[in-house]
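Residue numbers (this note's numbering), protein chains in the order written: chain A, 1 to 234; chain B, 1001 to 1234.
These are calculated hints, taken from the structure and not from any lab test. We treat Cβ as the ideally placed atom computed from N, Cα and C, and that holds for glycine. One should not assume that every hint holds.
As the list claims (entries may be wrong) - Using 20 Å as the maximum straight-line C-alpha spacing, the simulated EDC-like pairs for lysine to aspartate or glutamate come out as follows:
#1 B:1170 <-> A:186
#2 A:53 <-> B:1228
#3 B:1170 <-> A:32
#4 A:170 <-> B:1228
Said to hold, decoys possible - Simulated restraints on C-beta separations:
#5 A:209 <-> B:1032: 31 to 39 Å
#6 A:51 <-> B:1029: 49 to 57 Å
#7 B:1091 <-> A:158: 49 to 57 Å
#8 B:1176 <-> A:36: 19 to 27 Å
#9 B:1066 <-> A:209: 46 to 54 Å
#10 B:1156 <-> A:211: 42 to 50 Å
#11 A:82 <-> B:1045: 50 to 58 Å
#12 B:1066 <-> A:159: 55 to 63 Å
#13 A:163 <-> B:1091: 41 to 49 Å
2 protein chains.
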Amino acid sequence: MRVEIWSDVVCPWCYIGKARFEKGLAAFAGRDGVEVVHRSFELAAGAPREAGKSVAEELKAKYGVDDAQLRAMEERVGAAAAAEGLGMRHDRFSTGTFDLHRVLHLARERGLQDRLLDALYEANFAQARPISEDDTIVDIAAGAGLDADEVRTVLADDTAYADAVRADEKEAAELGATGVPFFVIDRRFAVSGGQPAQVFTQALEQAAAAGGLQTVAAAGDDGAVCTDDACDVP
Amino acid sequence: MRVEIWSDVVCPWCYIGKARFEKGLAAFAGRDGVEVVHRSFELAAGAPREAGKSVAEELKAKYGVDDAQLRAMEERVGAAAAAEGLGMRHDRFSTGTFDLHRVLHLARERGLQDRLLDALYEANFAQARPISEDDTIVDIAAGAGLDADEVRTVLADDTAYADAVRADEKEAAELGATGVPFFVIDRRFAVSGGQPAQVFTQALEQAAAAGGLQTVAAAGDDGAVCTDDACDVP
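Extracted from the complex, chain A is given alone in its bound form:
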């Protein structure tokens, strides 16, 4: 069973939703047969990396909320994070995330994608580190087990893994995702949003009950097949 999770590094519900999903997965009997793949989604598509841009100022400018509304929003999301044992600093930064997704694709090739995503979430939300900056990204990635020089090389080359990021985003659109987190099980069942853990457990159980591939036509009289042993000839 394969779960694909579209998310963005600066999306608080992705951060909270990942923890909730993992709790839901832990309660699923078939958890050992589940492969998790993280896929790219930029909330602000094509936005550049930008140093020192505070989330608070961005939210106020973008949605016209005042300080009191902003505080109330942040308190609700902070409480949801705290309920999962996650930190959420209100003085965190905002940035375009295309380059971060490129590095996450490098990490995927190295088998370190999940660890790097956790580390980026932690750095961004719990520690309010400036994840727009090369040195910070390299430091976080190295802490997750990646080779620092390799990360610098990817950051310096705009084209590295760029197609992989765009391919993920194209697939999200094709699957009907308009926001994140977006969870897809076996390309068959979708869960949208950072739902409670038990919703994920139920979705996994539903996918397991639905079974794997449905055979429309097996090799036989009309359709021949070759195996290592022989090519049947009807």
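Given the coordinates of chain A, work out where chain B should sit on it, guided by the hints.
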């Protein structure tokens, strides 16, 4: 809709099945929304490339068939090919195909996979060209639009796209494929064997009727989602 086709370059039912599938696809109303991906499967896993090994001698040695049995087999498969307008020479060669699959993965990255697979089938089955040989492979690939130097570089480096070939083969095993061609629609419906065209049309219609993703839980009260416009906070 996405159709993945596991096949091997030296598998006659893959060659015939591809033509039948394409005929079935052409009769499917939703054909414009279908993406086709070719995946690797070696009939003789790990076998090296080998020059000048005739299929006839291999079949006789491997299955103990005599000349008359061999002729009868080849006539049946040749008739099935001819019915699809495809040539089938009985003096064709056999070879390990790992390197050919590696080049097919290069072609996939260049958007030329389908063209290269057609060209390899044509060269192998209809023209009995020695597809074990570097110069022949490069010539065929260049004819399909690939850069000859790039193909030579991939052939010379055993590790290039090797993981991609093995990943395809691992997935085939996980999906229960024991022979090829093996067609999978949206990771949900399987057709095994080079079935008649109408079987493929029906399978595509069945997959279309089954619809796309089934939403288990939509973003709402319990599960929040971030979009480009806002992060909902429940």
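Consistency of the hints with the structure:
Distance restraint check for residue 1170 of chain B and residue 186 of chain A: the Cα-Cα separation of roughly 16 Å lies within the 20 Å cut-off, and the hinted pair is therefore satisfied. A hinted pair counts as satisfied when its Cα atoms are at most 20 Å apart, and residue 53 of chain A with residue 1228 of chain B qualifies at roughly 17 Å. Restraint check for residue 1170 of chain B and residue 32 of chain A: the C-alpha separation of about 17 Å stays at or below 20 Å, so the hint holds. Between residue 170 of chain A and residue 1228 of chain B the CA atoms are separated by roughly 15 Å; this keeps the pair inside 20 Å, and the hint holds.
Take residue 209 of chain A and residue 1032 of chain B: their Cβ atoms lie about 33 Å apart, and the range 31 to 39 Å holds. The supplied range of 49 to 57 Å is met by residue 51 of chain A and residue 1029 of chain B, whose beta-carbon atoms lie about 52 Å from each other. Taking the beta carbon of each, residue 1091 of chain B and residue 158 of chain A are about 51 Å apart, inside 49 to 57 Å as hinted. In this structure the hint that residue 1176 of chain B and residue 36 of chain A lie 19 to 27 Å apart at CB holds, the actual value being about 22 Å.
Checking the proposed 46 to 54 Å range against residue 1066 of chain B and residue 209 of chain A shows it holds: the Cβ atoms sit about 51 Å from each other. One distance hint, 42 to 50 Å for the beta-carbon pair residue 1156 of chain B and residue 211 of chain A, holds here, with the actual separation near 44 Å. Between residue 82 of chain A and residue 1045 of chain B the C-beta distance comes to about 52 Å, which sits within the given range of 50 to 58 Å. Between residue 1066 of chain B and residue 159 of chain A the CB atoms are about 58 Å apart, so this pair conforms to the stated range of 55 to 63 Å.
Residue 163 of chain A and residue 1091 of chain B have their C-beta atoms about 42 Å apart, which keeps the hinted 41 to 49 Å range intact.
Every hint from the earlier list agrees with this structure, and none is contradicted.
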